[in-house]
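Chemist: Chain by chain, the residues:
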Amino acid sequence: MTVTTPATLDALADAVATTAPAPLRIAGGGTTRPWRHNGAPPGVDVIALGALSGLTAYDPAECVVTVLAGTPVRHLTDTLAVHGQYLPWDPPIAGDGATVGGMLASGLSGPGRYRYGGVRDFVIGARVVDGRGRLIASGGQVVKNAAGFLLHHALVGSAGRLGVIAEVSLKVFPRAEATRTLVARASSLAGALAAHERLRLANLDLDALDLDATSAVVSARLAGAADALDARAARAARALAHAVETLTGADEARHWQALSLAAWPATGATVKVPAAPSRLTAILATLMPLGPCRLSAGGAVAFLHSTQPLDALQDAFAAAHLRGAVVRGPDAGTPLGIRHAPAFADRVRASLDPDGRFR
Amino acid sequence: MDLTTALAAIYPPDRLLTRASALASYESDALTAFRTRPLAVVLAETRQEVIDTVRLCHAAGVPFVARGSGTSLSGGSVPLDDGIVIALNRLNRIVRLDPVDRIAVVEPGVINLDISAAAEPFGLYYAPDPSSQSVCTIGGNVAFNSGGAHCFRHGMTANHVLGLEVVLPDGEVVRLGGDSVEDVGPDLAGLFVGSEGLFGVALEVTVRLLPRPESYRTVLASYTSLQAAGDAVTRIIAAGLLPGAMEIMDRLAMDAAEAAVHAGYPPGAAAVLLVELEGDAAQAEAELARLSAVLEASGPSHVHIAANAEERALLWKGRKCAFSAVGRLSPDFIVQDGVVPRTKLGDALVAIEQLSRQHGVRVANVFHAGDGNLHPLILYDGREPGALARAEALATDILRLCIRLGGSITGEHGVGLEKRAFLPEMYRPEDIAFMQRLRESVDGRRLANRGKMLETPA
Ligand SMILES: Cc1cc2nc3c(=O)[nH]c(=O)nc-3n(C[C@H](O)[C@H](O)[C@H](O)COP(=O)(O)OP(=O)(O)OC[C@H]3O[C@@H](n4cnc5c(N)ncnc54)[C@H](O)[C@@H]3O)c2cc1C
Numbered sequence: 001m002t003v004t005t006p007a008t009l010d011a012l013a014d015a016v017a018t019t020a021p022a023p024l025r026i027a028g029g030g031t032t033r034p035w036r037h038n039g040a041p042p043g044v045d046v047i048a049l050g051a052l053s054g055l056t057a058y059d060p061a062e063c064v065v066t067v068l069a070g071t072p073v074r075h076l077t078d079t080l081a082v083h084g085q086y087l088p089w090d091p092p093i094a095g096d097g098a099t100v101g102g103m104l105a106s107g108l109s110g111p112g113r114y115r116y117g118g119v120r121d122f123v124i125g126a127r128v129v130d131g132r133g134r135l136i137a138s139g140g141q142v143v144k145n146a147a148g149f150l151l152h153h154a155l156v157g158s159a160g161r162l163g164v165i166a167e168v169s170l171k172v173f174p175r176a177e178a179t180r181t182l183v184a185r186a187s188s189l190a191g192a193l194a195a196h197e198r199l200r201l202a203n204l205d206l207d208a209l210d211l212d213a214t215s216a217v218v219s220a221r222l223a224g225a226a227d228a229l230d231a232r233a234a235r236a237a238r239a240l241a242h243a244v245e246t247l248t249g250a251d252e253a254r255h256w257q258a259l260s261l262a263a264w265p266a267t268g269a270t271v272k273v274p275a276a277p278s279r280l281t282a283i284l285a286t287l288m289p290l291g292p293c294r295l296s297a298g299g300a301v302a303f304l305h306s307t308q309p310l311d312a313l314q315d316a317f318a319a320a321h322l323r324g325a326v327v328r329g330p331d332a333g334t335p336l337g338i339r340h341a342p343a344f345a346d347r348v349r350a351s352l353d354p355d356g357r358f359r
Numbered sequence: 360m361d362l363t364t365a366l367a368a369i370y371p372p373d374r375l376l377t378r379a380s381a382l383a384s385y386e387s388d389a390l391t392a393f394r395t396r397p398l399a400v401v402l403a404e405t406r407q408e409v410i411d412t413v414r415l416c417h418a419a420g421v422p423f424v425a426r427g428s429g430t431s432l433s434g435g436s437v438p439l440d441d442g443i444v445i446a447l448n449r450l451n452r453i454v455r456l457d458p459v460d461r462i463a464v465v466e467p468g469v470i471n472l473d474i475s476a477a478a479e480p481f482g483l484y485y486a487p488d489p490s491s492q493s494v495c496t497i498g499g500n501v502a503f504n505s506g507g508a509h510c511f512r513h514g515m516t517a518n519h520v521l522g523l524e525v526v527l528p529d530g531e532v533v534r535l536g537g538d539s540v541e542d543v544g545p546d547l548a549g550l551f552v553g554s555e556g557l558f559g560v561a562l563e564v565t566v567r568l569l570p571r572p573e574s575y576r577t578v579l580a581s582y583t584s585l586q587a588a589g590d591a592v593t594r595i596i597a598a599g600l601l602p603g604a605m606e607i608m609d610r611l612a613m614d615a616a617e618a619a620v621h622a623g624y625p626p627g628a629a630a631v632l633l634v635e636l637e638g639d640a641a642q643a644e645a646e647l648a649r650l651s652a653v654l655e656a657s658g659p660s661h662v663h664i665a666a667n668a669e670e671r672a673l674l675w676k677g678r679k680c681a682f683s684a685v686g687r688l689s690p691d692f693i694v695q696d697g698v699v700p701r702t703k704l705g706d707a708l709v710a711i712e713q714l715s716r717q718h719g720v721r722v723a724n725v726f727h728a729g730d731g732n733l734h735p736l737i738l739y740d741g742r743e744p745g746a747l748a749r750a751e752a753l754a755t756d757i758l759r760l761c762i763r764l765g766g767s768i769t770g771e772h773g774v775g776l777e778k779r780a781f782l783p784e785m786y787r788p789e790d791i792a793f794m795q796r797l798r799e800s801v802d803g804r805r806l807a808n809r810g811k812m813l814e815t816p817a
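Heads up: the sequence lines are chains A and B, in that order.
Anchor point for the first sequence: position 265 equals 265 in my numbering, and the numbering is continuous, going up by one each time.
Anchor point for the second sequence: position 241 equals 600 in my numbering, and the numbering is continuous, going up by one each time.
What the hints contain is simulated information worked out from the structure, not anything from laboratory work.
Heads up, the beta-carbon is just placed ideally off N, CA and C, and yes, glycines get one too.
There may be inaccurate statements among the hints.
Stated by the list, open to error - Here are the simulated distance ranges between beta carbons:
| # | chain 1 | residue 1 | chain 2 | residue 2 | range |
| --- | --- | --- | --- | --- | --- |
| 1 | A | Asp96 | B | Thr815 | 43 to 51 Å |
| 2 | B | Ala792 | A | Pro42 | 32 to 40 Å |
| 3 | A | Ala250 | B | Leu569 | 27 to 35 Å |
Please model the entire structure based on the sequences and the hints provided.
Modeler: The following block contains the structure:
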């Protein structure tokens with residue numbers, strides 16, 4: 001096994017080309033797959049992206065940033081914050097050295113995805129190194145672009161299986177002037193789901209809407225002009241129809257941190273399940289026996305943390321006709337439950353990785 | 360058995376067109392410069408017919424092109440003379456509209472605006488709003504990743520398509536994505552969008568619906584120069600505002616719109632900026648105060664806040680009809696579509712003005728300022744010798760300007776036939792080579808929409 005740590009895009013392309021045809025693993029920050037450099041299986045070469053770090057271009061007035069894949073997410077969000085901007089989808093795994101490339105490859109979005117969309121909605125371009133060491137660009141650095149195939153879209157959720165993400169261009173937004181979070185503790189899951197649904201349907205322009213199924217707690221965040229928040233929070237509280245705790249500042253930040261995926265241990269399996277409001281009761285009935293779970297983005301997605309063996313998860317998902325994937329833990333990248341016919345995916349992969357190196 | 364005979368086994372005679380007179384309306388799309396008569400046109404009414412047609416074409420090695428309403432402005436739906444047109448207009452059922460999950464599952468021939476009309480009773484709408492939305496189909500929108508006036512905040516078609524059922528060019532049927540805004544695995548639905556029909560035919564499209572904003576606040580500011588209007592946009596973004604739409608029109612475009620709909624644009628202004636805030640009523644009101652302050656500081660000659668829904672509708676009507684209204688100013692015109700980084704809008708407009716003078720060709724400017732998407736309308740009279748050539752030369756110069764400024768050769772109309780020669784100017788040879796490999800991998804026989812996007816004109 002060799003570990004290469006290229007510091008430039010050309011060096012990255014070279015590293016992929018010269019290790020051919022050995023299977024490759026890409027190490028970002030190692031926050032979703034905890035094997036880091038030394039845990040790769042025998043015969044597998046590792047390319048570590050830690051040295052490929054920094055912002056390539058950032059003009060705040062443009063609301064576009066281009067960043068190398070090994071850049072820590074935290075560094076990116078800190079830089080944006082200086083200019084009053086942010087990543088609206090709240091990357092859920094941002095600390096511990098999580099990288100921008102990993103953020104794209106894992107395709108994970110946090111609670112903020114509720115309002116303006118997820119990571120898929122903000123990627124406007126990328127450069128990727130394919131299995132033969134070729135550096136390929138798609139998209140660009142403008143927010144609107146219909147020229148050529150949108151390969152950068154396919155990198156979202158690709159879990160390192162299509163190529164090495166080398167650089168990413170993102171649309172970013174101005175951060176809201178103020179935020180406020182309402183927390184309601186229901187006495188039962190059914191009560192929490194009902195409150196969650198009332199909020200979702202109330203057209204309140206919520207910034208985030210999550211439900212912790214295990215504790216029956218609903219959390220709703222408002223963001224916007226400071227002088228409008230009182231009126232908006234009052235409306236949201238009425239829709240919740242529960243005793244409400246209002247959080248701001250550091251308490252608010254801590255509350256969302258505790259709800260984040262990152263608060264679960266990196267061991268075991270963190271599982272993502274695409275969901276829909278009309279199916280929540282059924283989905284939770286499948287997931288809750290497997291471990292603690294949460295709903296995010298107004299019930300569009302469920303997250304589960306489970307210490308059950310992978311086979312047990314597979315069986316449970318298949319039996320319930322659910323589609324999911326392990327997104328964090330030793331089995332990160334493993335799909336669960338029902339799968340789509342692979343013809344298109346296979347053809348896309350063949351064009352990028354004809355030798356099957358990214359496994 | 361030849362292909363037309365085989366097709367006759369699937370389609371009744373009135374849905375398999377082979378006579379010259381019947382084929383005429385399928386020879387071109389909204390970009391009339393390209394025109395080719397196809398071998399045959401099939402008017403599909405079911406998914407299975409589309410699948411069977413693609414399989415027959417594949418077996419016979421005959422190229423095919425899907426066609427929605429034929430409003431492509433880049434020649435995207437123009438057929439080949441030895442090819443088949445698969446017309447999808449009749450595949451226009453809304454299969455399912457779920458107001459709880461806020462999704463619609465539709466066939467590809469459904470008209471963009473019909474989705475919003477069906478969603479309206481539930482307080483929902485489909486966000487992407489190309490100006491052609493009352494006629495263009497969702498299948499065409501998917502192929503071109505169509506945009507509209509709300510892309511900076513809401514994104515393009517790719518951001519609203521959650522799942523697809525697709526027949527690949529060899530007849531294999533696959534599902535991409537799902538029915539939730541969150542999916543697992545690579546975002547393949549997002550890759551299919553914008554592929555200009557080269558990856559096969561979309562048979563079913565699942566889109567997300569958004570709740571109608573509780574409140575809109577629409578403001579029209581007029582300026583004595585285009586540049587000042589462009590600068591105001593930069594100020595608005597710098598102030599941390601996130602309007603749903605920001606549109607600019609120059610004098611010529613306003614004159615055309617006025618003649619068509621009397622939208623009430625100020626007569627003396629060189630440019631107007633239309634800004635629309637949307638969302639929760641209290642929030643929109645608070646933003647309006649901030650927006651007004653920013654606009655006041657941007658040196659406008661006049662600021663008007665739409666007092667009610669009727670005034671708002673009128674302001675938008677003028678903007679939406681600007682393309683077609685320009686027909687009143689000139690017998691012929693080219694609609695160009697290019698993108699520059701938003702902060703370079705001012706530079707781009709000055710350069711376009713210079714180019715216009717240099718070529719002696721009039722240009723009316725209408726554009727999506729929030730996302731740097733320019734739509735210069737290049738006016739000419741086709742009866743005048745050399746006029747078309749001059750207009751095309753100007754159109755080309757504008758595209759090169761967009762590339763030079765770090766933008767794109769198309770924001771929403773696609774590459775199609777029209778811009779094939781420019782794709783290699785925007786991307787490096789390695790990038791184009793990858794696109795070729797991907798296309799080969801998906802469609803080894805190059806049957807799906809052969810001749811478009813990746814094939815350089817002879
Ligand atoms: C007056 C006017 C204004 C316009 N304004 C805008 C605008 O504001 N924004 C914008 O983005 N565009 C605009 N357009 C361009 C055009 O309307 C869009 O590109 C639209 O998406 C095309 O839809 P259509 O149904 O007419 O598709 P067609 O023109 O029939 O086809 C377009 C392309 O899509 C492919 N295609 C069609 N259906 C399918 C399918 N089911 N599966 C795979 N491929 C398919 C075709 O092969 C072709 O390549 C405008 C056009 C006009 C004439």
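Chemist: State the violated hints by number, sorted upward, taking the hints as numbered earlier in the document.
Modeler: Hints that this structure does not satisfy do not exist here, as all of them hold.
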